[in-house]
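Protein chains: 2
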Amino acid sequence: MMRSIGVLGGGQLGLMMVLEGRRMGIRFNVYDEKPDAPALRIADAVYSGDDWVKLINDSDVITVEFEHVNPRALELAHEAGKLRPSLNSIIPKQDKIKERLMLSNLGLPTPRFMIAHGPEDIEKAYRTLGKLVVKVPNGAYDGKGQFYVTNEEDLPAIPVQYPLLVDEFINIEKEVSVILARAVNGEVAVYPITENHNHNGMLLYSRAPANINEDLSGKATELAVKLANSLNYVGVLAVEFFLTKDQELLINEYAPRVHNTGHWTLSGAVTSQFENHLRAILGLPLGNTRLLKPTAIVNMIGVQYSEELINSILKIPGTRVWWYGKSQVRPRRKMGHVTIVADNDEELTQRIRDILSVIYGSLINHFIPPWDHVDGIQGITGHGTPH
Amino acid sequence: MMRSIGVLGGGQLGLMMVLEGRRMGIRFNVYDEKPDAPALRIADAVYSGDDWVKLINDSDVITVEFEHVNPRALELAHEAGKLRPSLNSIIPKQDKIKERLMLSNLGLPTPRFMIAHGPEDIEKAYRTLGKLVVKVPNGAYDGKGQFYVTNEEDLPAIPVQYPLLVDEFINIEKEVSVILARAVNGEVAVYPITENHNHNGMLLYSRAPANINEDLSGKATELAVKLANSLNYVGVLAVEFFLTKDQELLINEYAPRVHNTGHWTLSGAVTSQFENHLRAILGLPLGNTRLLKPTAIVNMIGVQYSEELINSILKIPGTRVWWYGKSQVRPRRKMGHVTIVADNDEELTQRIRDILSVIYGSLINHFIPPWDHVDGIQGITGHGTPH
Chain A
1 MMRSIGVLGG
11 GQLGLMMVLE
21 GRRMGIRFNV
31 YDEKPDAPAL
41 RIADAVYSGD
51 DWVKLINDSD
61 VITVEFEHVN
71 PRALELAHEA
81 GKLRPSLNSI
91 IPKQDKIKER
101 LMLSNLGLPT
111 PRFMIAHGPE
121 DIEKAYRTLG
131 KLVVKVPNGA
141 YDGKGQFYVT
151 NEEDLPAIPV
161 QYPLLVDEFI
171 NIEKEVSVIL
181 ARAVNGEVAV
191 YPITENHNHN
201 GMLLYSRAPA
211 NINEDLSGKA
221 TELAVKLANS
231 LNYVGVLAVE
241 FFLTKDQELL
251 INEYAPRVHN
261 TGHWTLSGAV
271 TSQFENHLRA
281 ILGLPLGNTR
291 LLKPTAIVNM
301 IGVQYSEELI
311 NSILKIPGTR
321 VWWYGKSQVR
331 PRRKMGHVTI
341 VADNDEELTQ
351 RIRDILSVIY
361 GSLINHFIPP
371 WDHVDGIQGI
381 TGHGTPH
Chain B
1 MMRSIGVLGG
11 GQLGLMMVLE
21 GRRMGIRFNV
31 YDEKPDAPAL
41 RIADAVYSGD
51 DWVKLINDSD
61 VITVEFEHVN
71 PRALELAHEA
81 GKLRPSLNSI
91 IPKQDKIKER
101 LMLSNLGLPT
111 PRFMIAHGPE
121 DIEKAYRTLG
131 KLVVKVPNGA
141 YDGKGQFYVT
151 NEEDLPAIPV
161 QYPLLVDEFI
171 NIEKEVSVIL
181 ARAVNGEVAV
191 YPITENHNHN
201 GMLLYSRAPA
211 NINEDLSGKA
221 TELAVKLANS
231 LNYVGVLAVE
241 FFLTKDQELL
251 INEYAPRVHN
261 TGHWTLSGAV
271 TSQFENHLRA
281 ILGLPLGNTR
291 LLKPTAIVNM
301 IGVQYSEELI
311 NSILKIPGTR
321 VWWYGKSQVR
331 PRRKMGHVTI
341 VADNDEELTQ
351 RIRDILSVIY
361 GSLINHFIPP
371 WDHVDGIQGI
381 TGHGTPH
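Residue numbers (full-length UniProt numbering), protein chains in the order written: chain A, 1 to 387; chain B, 1 to 387.
None of these hints come from the bench; they were simulated from the model. Be careful, since some hints might not be right.
One copy or two, it doesn't matter: identical chains are merged, so the pair holds either way.
Below are the EDC-like pairs computed for lysine to aspartate or glutamate, each with C-alpha atoms no more than 20 angstroms apart in a straight line [as the list claims (entries may be wrong)]: (1) K315 with E187; (2) K82 with E307; (3) K98 with D44; (4) K315 with D354; (5) K124 with E187; (6) K131 with D58; (7) K293 with D345; (8) K34 with D44; (9) K245 with D354; (10) K82 with D121; (11) K326 with D44; (12) K293 with D343; (13) K54 with E123; (14) K293 with D60; (15) K315 with E346; (16) K226 with E248.
Pulled out of the complex, with its shape left as it was, chain A reads as follows (with noise of 0.2 angstroms):
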């Protein structure tokens, strides 16, 4: 009688998903190749290596929390026509030209962007776009496989397998991302705009509502609801947009799944994203994306687990803590997050201020206030992915 989903990826997203879903008493198989990844020990059952066909076979829905999944596993679930969001959104994720190529054929806006084949297309864009950011199609995110050409001397560090996307290089005034979850039956909830802020080309916080006007909200709004029709697309849909100093709105990528930038939806939304995710999945009606209070969220990364750090941070008023246990801190990894609520904007600012302090410590003065005052700078935002 209850539902039975299927999650390729067993990593946070993953481990949210089913925490949120399990007290709905769905039932849970999640498939990942790490035995250790979190979602894992939660789930009802756990599926490796090339399972795949038992897990669509003993599922009733089967869904993502990574895009970078085998592509077999996709077409698979596609085919049992289990597929949700289906193939034809997933996919394109799996290289960073498709996406652009689609996205473009849509007629939506994006940086200016060219294909490189070789080194002399490489050339030929910095002298038709300037500053250029040029990305490895399939291994983009968190800040890697991208590089920088800001002058001639960086030409010959790029790397030299092709085809690569070359985009111009664009003046950031701020990240926002959209959040959207998209029934069955076409019905879309939209969450509140999101301000992001990166470090190292890494997500460091996310809040809402996003500082930006009503006519660019509704525009970045109108913009990712046009991408979920087109793709006919089913679940929670995640857009990014830079919006320049010229103040367009360009669409950096999507994210066919929940998103790290609408984390804070787990304290500040009357339902989280993942909740959506997992309503729209299953055709149940979507939940109320209104925002309860200002209210954010910031990422922990690199950092070891310790009750004094939990301890420090829950000590900040309207905070919660999201550790995910994975086995190894690395450097860049995102071990946990902590959402927080907030009556007003500069409450929330202050808080978010006191987390990042806690968490990252002295390194703070690199952070803020220097860190807001470059967050014009590409390189130094970075154009990564949020996973």
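Guided by the hints, dock chain B onto chain A, whose structure is given.
This is chain B only, laid out in the frame that chain A set:
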């Protein structure tokens, strides 16, 4: 490094405690004699039979989700210095006479009562106190194990085992409860007062804030805090009050644990009662207990799971569903609950009615509005302990 909590009892309260705690990186060892108890499915380790010593050795802190656990297990945890809340907070709950004497000795207001050692004591009580509610000391909850004496003909129906707790029959205007968390250092965080609506001795729904004046809510809070301080309580404590027709507040009973009437905190407060219980017993800072919006919890009692049911509930705005995954449906068994948030009290009332209507169908007419009118009659609202 991460701490382990041993939970005595694997029911729905344990389930929700574990779900809230696992995301914080806490490890859970859950004890239950029944192998199909809901919380066992998401425990890190499972204990049964007389595994108490092992459970206690494996855990940093031992807590309860149900007060009717084996006294030997409680004593062992107490001797190991790991029991939170303390033994003296839990033991009186295993015997309604001990509980009442403890409350009375602390000078807290309760219904007038007598302890009956034979049928003649009950007759005497009837002559002194008028209409009576007679309770079996160790078995009365959810309306079970209690008997009403409204006239002399009822006297022979009283069970023959003694002693019995004999309460005066109270003309109730409202039942309210105070949920609070008390930290190791004595800090107390109190949730807004909840108004409870029972049917046949079982909690049907609770809503917050309670519709009572500030004086009364201040008084109830003060009494609950007095009890918590007297017990040097650590963890979440629930105190249930009768508000009499004469505007008097009487403590009906307390629960040394998270409580059914506080489930709305999962959606309607900054920090849930489950999270605050865990924070308190681990010595972490308490979380904010403020209301985010007018909110309620509706129990799903004796109903079968169906996608149609869940679908119909989630269509009502502001709702979220918890399904406990119990192996069998029984008529008076709590199978799950719904939380609701709304923008104002009127909207909340309407949504509660809509939810009751969806869950209990045509029975709704027995509950609302006629049910509202009979609320003051104890034979209908009952003296039950919502578990």
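So, going through the hints one by one against the coordinates:
Taking CA atoms no more than 20 angstroms apart as the test, K315 paired with E187 passes between copies only; the shortest distance there is 13 angstroms, against 40 angstroms inside one copy. Taking the shortest alpha-carbon separations for K82 and E307, only the inter-copy value of 18 angstroms comes in at or below 20 angstroms, while the best intra-copy value is 42 angstroms. Taking identical chains as interchangeable, the C-alpha atoms of K98 and D44 are never at most 20 angstroms apart, the minima being 35 angstroms within one chain and 42 angstroms between chains. Taking CA atoms no more than 20 angstroms apart as the test, K315 paired with D354 passes inside one copy only; the shortest distance there is 10 angstroms, against 39 angstroms between copies.
For the identical chains of this complex, K124 and E187 are neighbours neither inside a copy (44 angstroms) nor across copies (67 angstroms), given an alpha-carbon limit of 20 angstroms. Within a single copy, K131 and D58 get their C-alpha atoms no closer than 50 angstroms, and across copies no closer than 59 angstroms, so neither meets the 20 angstroms cut-off. For the homomeric pair K293 and D345, the shortest alpha-carbon distances inside one copy (9 angstroms) and between copies (19 angstroms) are both at most 20 angstroms. In this assembly of identical chains, K34 and D44 lie within 20 angstroms of each other by CA distance both inside one copy and across copies; the values are 17 angstroms within and 19 angstroms between.
Taking the shortest Cα distances, K245 and D354 never come within 20 angstroms of each other, neither inside one copy (29 angstroms) nor across copies (49 angstroms). In the homo-oligomer, the alpha carbons of K82 and D121 never lie at most 20 angstroms apart, since the shortest distance is 41 angstroms inside one protomer and 68 angstroms across protomers. Taking the shortest Cα distances, K326 and D44 sit within 20 angstroms of each other both inside one copy (19 angstroms) and across copies (15 angstroms). When the C-alpha separation of K293 and D343 is checked against a cutoff of 20 angstroms, the pair qualifies both within a copy, at 6 angstroms, and between copies, at 13 angstroms.
For a Cα distance limit of 20 angstroms, the shortest separation of K54 from E123 qualifies neither inside one copy, at 49 angstroms, nor across copies, at 68 angstroms. Proximity of K293 to D60 under the C-alpha cut-off of 20 angstroms is found in neither arrangement, the shortest distances being 36 angstroms within a copy and 35 angstroms between copies. Within a single copy, K315 and E346 get their C-alpha atoms as close as 18 angstroms, which meets the 20 angstroms cut-off; across copies the closest is 35 angstroms, which misses it. For the homomeric pair K226 and E248, the shortest alpha-carbon distance inside one copy (17 angstroms) is at most 20 angstroms, but the shortest distance between copies (59 angstroms) is not.
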